[in-house]
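Undergrad: If you read the protein sequences in the order shown, they are chains F and G.
Residue 155 in this note's numbering sits at position 155 of the first sequence, with consecutive numbering throughout.
In short: position in the second sequence from 1, add 1000, done, that's this note's numbering.
Treat the hints loosely; a few may be bogus.
Stated by the list, open to error - Restraint-style ranges between C-beta atoms, simulated for each label pair:
no., chain 1, residue 1, chain 2, residue 2, range
1, G, K1537, F, E175, 52 to 60 Å
2, G, A1091, F, T269, 22 to 30 Å
3, F, R146, G, R1043, 43 to 51 Å
4, F, P55, G, E1018, 54 to 62 Å
5, G, P1046, F, L213, 55 to 63 Å
6, F, E175, G, A1517, 55 to 63 Å
7, G, E1018, F, L9, 32 to 40 Å
8, G, T1523, F, L254, 53 to 61 Å
9, G, E1018, F, R146, 38 to 46 Å
10, G, M1513, F, E175, 54 to 62 Å
11, F, R101, G, P1046, 20 to 28 Å
12, F, L254, G, E1018, 34 to 42 Å
13, F, E175, G, L1118, 53 to 61 Å
Stated by the list, open to error - Beyond 10 Å from chain F on every Cβ pair, some chain G residues (computed):
no., residue
14, A1100
15, L1162
16, E1177
17, T1465
18, P1545
Treat the hints as calculated values from the structure; they're not laboratory data.
Please read all numbers here as calculations on a predicted model, not as lab measurements.
Yeah, the Cβ is synthetic: ideal placement off N, Cα and C, and Gly gets one too.
One letter stands for each residue in the lines below.
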Amino acid sequence: MSAIGLMNLEVFRRAIKAKGLTPATLVPEASGGRVEEAAIRPAEVVEGESLRMIPVGPAEPWPGSLAYLDGIQKSQIIGYAGSAPLFVAEIAAAVRERHERRLRTVAEARRVIVLGRPDALTAAGTALATLETFALPADEPPHPLRDIVNAGHAVDQARGALEVVVGDRYRAGSEDWLVVDGTLAVSPRWAADGRMVAISKSHSILPFGGDDLGQYLRLPCGHRSSVYAPATRSLAPVRAWGLRLWPWEGKDLLHGLVRVEVAPANASTENADAISRWILADRAPVSAPDRRWDRLLYGMYSVEQYLKARA
Amino acid sequence: MTGFPLALLRLQSIMHPENPVGRVVATELKPSTPHQFHFWTARESPIGIGAIVRVEEGGRVVYGVVTDGFAYSDLATPMHAVIGADGDPVAAGSEPTARAEIRLFTAAVLRQIPEEPLQPVPLGSVWLASDADVVLALRMDGYTGGDRATGIPVGLYAAGGLESPVYLDCDFLLGPEAAHLNITGVSGLATKTSAVEFLLSSIFQTFPRHKGSVAAVCFNVKGPDLCFLDQAATLAEEDARQYARLGLQPEPFQDVHYYAPLKADGVNLNSLRTNEALAGNTEPLVWGLREVLDYAEVVLNRDDIDAKADAFIDFLAERVVGREYHDEMLRGKPFLVQSFADLDQFFRSIFDFMEAMGRGSEVWRTHHVATIRKVRNRLSNISTRSKGLVTDDGVSNDLPWGGFEDRSVHVIDVAGLDPLAQDLVFARVVSKLREHLERRDLGVDHVVVFVDELNKYAPADGPDTYVRKMLIDLSERGRYLGLVLFSAQQFRSQVQRRVVGNAGTAIYGRMDMDELAMPAYGTISPATKIKLATLPKGELMLRHPHFTQPIFVKFPRPAVLNSREGIERFPPAAELPFADAVARQMRRLDRRVSADAVRALIDGRREDDVRRALSATRRERPDDAYAFFTACLGRRVNGEVTAPRRGIPALKRADDSYGG
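One chain only, chain F, in its complex shape:
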C-alpha cells in the first residue's frame, strides 16, 4: 500500500464518524519509535575473565560493499469507539546499499495498519475496510492510555517483523555486509548470519551492574568492552560489546556509546576489533542534525530520511 497522508486519515475520520464513532486527532508521545523499559539484564562476559576496556585501533574502511537496514513507524489515534481508541499506523523498512560512496535503495516495504480492540474494530466496520487490521489485547477493560501503550508495542512488533522481511529479501540476493538498527536477535537467521551486524543506540537494557556498569559506561573513545552474551536474547543467541564512537567526557556517559551485536561465530577478539574499527570509520559523515548523531551511523540516518521522505 502506498503511503498515507493526513488527508487520507481525514477520510477515515469522516467514515468512522458516519458509523457513530468519535473522531480524534491525537498523536501519542513516542508514536514514532520503539518503546522500551529501562532495566539491567546481567550478561555473561565471554572474552576473558572479566569486563575490560579494549582499544580497537585506528578506524578502517569497511571492506567491500555495505548495506544498511532500518525502519520507521508513525501512528495516530483517529477516533474512539466508546472509550477504546482506534489507531492508524504506517510502518516501513528499507535497505540502502553503498556503492562508490553513494547510497541507493535496493529493498523496501511499507504497511499501513489499523489497531484497536476487537470491539472497536468491529464497530468501525466498513469505514476502515481498506486497511489491514491488528487487534489489541482485550483482556482488561478499555483504558485509553493503556491502549496507547499496547498499540505502541504492537506497532514496534509489526515494524520489527517488516524489517526482518526486508532484510531477508535483501539477503536472498546479496552476501554483502548488512548493518541493521537494533538487534539481530529478532530473527534466528540474522543471529547466525556471519555478514550481519546490529548496532543499537538504545541503552534501556544495560548488560552490567555495579562497578562493571561504571566501567562499561566510561569506555574511552575508540575502545570497546569485552565481548559478552546478552541475557535477553532467548530466541536467538548473539554476542555483543559496547563501543564508544565519540568522546563522552564533558557530555554524558551515554554520548557516543553503541551496542554492537554479531553472530556468535563472528565474535572472536580479532573480529570484534575489526568490526569495531569499521564502525569507527563509519562515524563520518556525522548524521547531524539528527539529535542522535553521536550513535546514529550516517547510513542508518539515510535510510530513515529516505523512508520519511516517502511517508
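Once you have looked at the hints, place chain G on chain F.
TA: Using the frame of chain F, we list chain G on its own:
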C-alpha cells in the same frame, strides 16, 4: 556488478532522450509560478545554465531555460563536517559514505502550451529539449516553416549532447516589425566582430527573396578588423560541421567594396588594406567642400553651435558654394567657391573688406565678424584635421549612391581618421543612406550599418552631438526605411539607452563582471552572469523578441580571414614616395600605364596639381587614363629660377680652435 558500469548505465539512462532528466519540485519558499519553476536532477545530469527543458504534466507542456543551479547536501552546519573529519581536511574527502546531495535548478518559462489559461508550472517530469522542442520553446515554429519563412540562422543551441539550430526572425532583425542588433562584450574575447561577420554572412545567404534585397555598410573603426571580408579563411572541421548543421556555406563575402581616406599626402591610402593584391576593390574616399558643408553641423555642434553660425553656414551653402557669387564691395570679379581653397579666399575677401571699412564695421550682410571667424575656423579645421578625406580641390570619390547591389558589402575604413573626421564620415554616410532609402533609390531595400565602438558615437553621458542624435533617430525610425543598425561596444551601460534599447536583438559575448554589476543587468540571474563572465570564444547569449528569455548559442568562426591572419597574409604596402604612389594609383585605374611614364610626367609638377589631376581621372575613369591625366595636368610651366643671394661671409677668428 562493479561501480563503474553502474554509473555508466545510469548516465546512459539519463542521457536517453526519452527518459526524464528531472522532476519539478515546489515548496512554499520555492513555489512554481507561471514564469519560473524549480526541478531536481541526478548528479550525473547534463543540465547546465542555459539548457532548455520541457515539462509535461496533465496535458500541459512548459518549456523553460535554466537560469540558476544549486547544490547542497544534508549537512546542517559546517561544524558537522569538521567533526566528521576530526578536523582533518584530508580525511574530509574520504568518508566511506558521501552525503546525500541535491542538484536543484531554477528555470525561467519560455513558453506554455496551451498558453491560456496561464498557470503555474505543473509538478511534472522534466526532459532535455530536443530539436523540435527548441523550435517550439523559442516560438520559431511561427517563422521557420512554410513558403514564406523568415528565419536567419544565428547559431547552435547545445546542451546534453543535443544541438539545435537557432533562427532569428528577419522581420524582427531587419524590420519592419522590429530591427537593429547590438553586441556587447569585452575586447578580444567576446568575438563581437566575428559574430557580426558570421551573422552578416548568414543574412546574405538566407535573407528570403520575397523580403527584397539587402546590403551592408560597415565602418572599420580600429585596426584591420574588417579589412579582409573577401578573403577565405581555413576552417577547422568542427566549424565546417557547424556550418552544415546551420545549412550555411562557409564562404567569404562575394561582393565587397573598400573605401579608405587618403593620407595627408593625398595619394597613399590611410588604411591597413594597402597590399597590392587587394587593390582591386579598394578605393579612396575623398570628399570636397560641398559634401562637408552639408554636414557642417557635425563639425560645429561639439561646443559652440548657435543659430547665428547656423544661419551663416546656410548662407554659404545656398548662396555661395558651387555657384557664382557677386558682391561688388568684396571684389569686382564674381566668386566661384568650389573648394576649401576657394572658400578661404572668399573669407579673406570679407575680412579685408571689413578691415578696410575701419572701426565700427563689425557686421557683413547681417553676419557678425565673430560668427564669420568661428565658421571659418571650424571649416578650415576639418580640412586640416581630415586632410586626405577632405580635398581642397572639390573633387570627391564617394560610395555608389543609387548603385548598391543586393548582398554587397561596403566597408569604410575610418580607423586612421581623426575622431572629428570619423564623426563626419559616419554622419554623412548614414544620412545619405537614409535619404536614398526614403526615396527608394539606393539600389537595395535594406541596409545593415555596422558600427563598432558605439559608446564613442552614442555615449550615455556627454554632449548631445549630431552623431548621437542621428543614431537615436536611426534606432527609433530606421526600421521603417530598411535602415538597420548593427552596433557593438565593450560596455553596453556606457551607450545611450535609447539606442541600445531600440535594438530588437541583443547579443552578449564574454562580459566584464564590473559591467554585469550595473543595474541594467539586474534581470540576469547570478549564475547566468557567471556564465557570461566566463563565456568561451564562439559562444554568445542572445535576446530576440520571439525569445522570452536569453538563450546561449555557439556559432562557427567566420569564413573570412580575421585581422591577424589577414595582416600576416596581406601585409600593408610600405608608404610610397609621392611619385610612386601616384604611379600606383594610375596603374590601378589602367594597368597599361607605365609607372616610369607617370613618374616622368609629374616630375617637377606641383603636388596639388598632380593630386587634382589624379582625382579627376579617378572620378572620370576614362578609357585612356594616362591621356586624361596628362590633359588634366596641362602644359608644364617652368617656374622662374631665382639665383640665391650671396650672403656676407663670416669673419674668421684666429683664436677660435673650432673655426676654420
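Undergrad: Looking at the structure, which of the earlier hints fail to hold?
TA: 9, 12 and 14
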